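Student: Spelled out from the first residue to the last, the chains are:
There are 2 protein chains.
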Amino acid sequence: MVTIEQIKAARKSVYKHLNPTPLYHYTGLSELLGTDVWVKHENHQPVGSFKVRGGVNLAASLTDEEKKRGLYTASSGNHGQSIAYASRAFGIKATIAVPEGANPEKVALMKGMGAEVLFHGDDFDSAREWVEELAKEKNGKFVSPTDDELICGVGTYALEILDDLPDVEQIFVPVGAGSGVCGTCVVVKNGNSNIKVIGVQSTEAPTMQRSWKSGELLSGEMNTTVEGVATRVAFENTQKIMKKYLDDFLLVSDESIYEALYLLIQHTHNLVEGAGAAAFAGALSVKDRLAGQKIVVVMSGGNISTGQLKKVLDV
Amino acid sequence: MVTIEQIKAARKSVYKHLNPTPLYHYTGLSELLGTDVWVKHENHQPVGSFKVRGGVNLAASLTDEEKKRGLYTASSGNHGQSIAYASRAFGIKATIAVPEGANPEKVALMKGMGAEVLFHGDDFDSAREWVEELAKEKNGKFVSPTDDELICGVGTYALEILDDLPDVEQIFVPVGAGSGVCGTCVVVKNGNSNIKVIGVQSTEAPTMQRSWKSGELLSGEMNTTVEGVATRVAFENTQKIMKKYLDDFLLVSDESIYEALYLLIQHTHNLVEGAGAAAFAGALSVKDRLAGQKIVVVMSGGNISTGQLKKVLDV
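In order, the protein sequence lines correspond to chains X and V. Positions in the first sequence are counted from 1; adding 484 to them yields the working numbering. Positions in the second sequence are counted from 1; adding 484 to them yields the working numbering.
Next comes chain X alone, as it looks inside the complex (with noise of 0.2 Å):
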């Protein structure tokens, strides 16, 4: 399980690439709220989202013989594109499978940053099943989303909240795969464990919520339109990590993401995608516990089309 010191030694690797980011008070959420509402700009990283870090940290920690065998991994969210980028600035192969039909707006960024990007079946599964093969046949490196390197540099945004707000109450984060909530997680209860960490995700997509009420690998129905939280599978390390740390999974409905995410482009005019509008979503539905409380909500994510954001504005 991924410790502490690891997230502390992975900021060496991550700040030599990309900078700390803000966290901003709000006035119009707080009153929304009626408590004080921090907002971690995680949507101001290149390639608009927290997991960047990650992939800076997976890549710096190579060898020099695996920089040269290359990544292999599949995806054409933000995943994807974190694992291209870090990629691009360590010179090393990135190749990602997608299924056929994927978003090619999204294909287009991976291609743009130099990666090599490969279409196989029909749907994330199969094509993670084929690029995972794919990568021991070429004897390269396959990258899952929740891999230690990964949770270890999304933690370090964890570190920059408790510097910046060493009295933060509660913090919201939103959950797909987990990485995100399992770096706040080690960082929050190894340092002050009085701080609450609530996950946030969808009713239309809830495996991982279920999984860790459970205590079950659950896989299940996954209707939601929200991509960030969009989880079919439960993954082992991240729930792992939340069984032992987490304090509360709540799970929120496709409609109130998105009208928190029109709540979010009113009060902070920052450009923000589902799952980085779901922490927000998921503190408005607690709205009653949260009174005099100091609150932050993770935005990790700002990569939201123009037509899903007409389709939000036109709500």
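No lab work stands behind these hints: they were computed from the structure. Hints are supplied without guarantee of correctness; some may be wrong.
Copies of the same chain are indistinguishable here, so a pair counts whether it falls within one copy or spans any two.
Mimicking DSS-like on lysine-lysine, the simulated pairs with C-alpha atoms at most 30 Å apart in a straight line are [said to hold, decoys possible]:
(1) Lys724 with Lys673
(2) Lys590 with Lys795
(3) Lys794 with Lys590
(4) Lys577 with Lys778
Quick caveat: nothing in here was measured; it's all calculated off a predicted structure.
Based on the hints, put chain V in the right spot on chain X.
Tutor: Just chain V, lined up with the frame of chain X:
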């Protein structure tokens, strides 16, 4: 006239309260321009614009006696937000005049930061004249949007650009009252004079550009809907700096600014206000001159309302 030494000295006050902003390269924008484009993300500052650097530097420069007497200014835009923010940070009372019928959302933001907002007259000119008199009566300090301390504060972003990309060849900057472009000129022309600084304004509010061209202080028509570049009367001190240093001053239509805004949202996933998109619109308008160059466009701010954003996306 402001010197580069004064701007360098301003860093001490600015970085006590604010962080440097990122300068990111975007492949998609580079392809559109046929050259290498970096964006300076001043929209990542608190209150969403570069102006806050100036407000903080000005507040830090006051004597204890001046701080007690308070600051007076007129603006419901980024200048007003910046003075409200800096005043709160330094425990200064801010009095901000706005015309009757000023945008209630923006008024609420300034009040939220503890500023006293006073309504006077039909437009900003009359609100400004009135509050300048009020400052005299009350023995407080009136702040004009082009005060030297403001130029010195905002000039720190240009120092960051040169630190991050020393071989930049052209920097495009939107022009309102001119504090941003002047800070950039003073920094660039006293560092590496081969770098060109290009101002951009709307054809629908060309007063600063025409004054620069003619060498006279003009006032004139102002029909633009792009808030941050809507200047009716030329400012003497910024015109003087621009006359000495500025390489070119482009006019682009409101329509092309909104088109640029759409492209910036699409390719950077950042929320941008009209003025924040003007620099990129200017670069697009002279695309043919830029081939093979390294250019920076300053994204000066992100404060766009959901209503304006909807209009931009509906195009």
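Student: Next, verify each hint and record whether it holds.
Tutor: Here is what the structure says about each hint:
With identical chains, the CA atoms of Lys724 and Lys673 are at most 30 Å apart within one copy only, with a shortest distance of 14 Å there and 57 Å across copies. Both within a single protomer and between protomers do Lys590 and Lys795 lie at most 30 Å apart by alpha-carbon distance, with minima of 19 Å and 25 Å respectively. In this assembly of identical chains, Lys794 and Lys590 lie within 30 Å of each other by CA distance both inside one copy and across copies; the values are 18 Å within and 23 Å between. Proximity of Lys577 and Lys778 under a CA criterion of 30 Å is satisfied inter-copy only: 26 Å between copies versus 43 Å inside one chain copy.
Of the hints listed earlier, there is not a single one the structure fails to meet.
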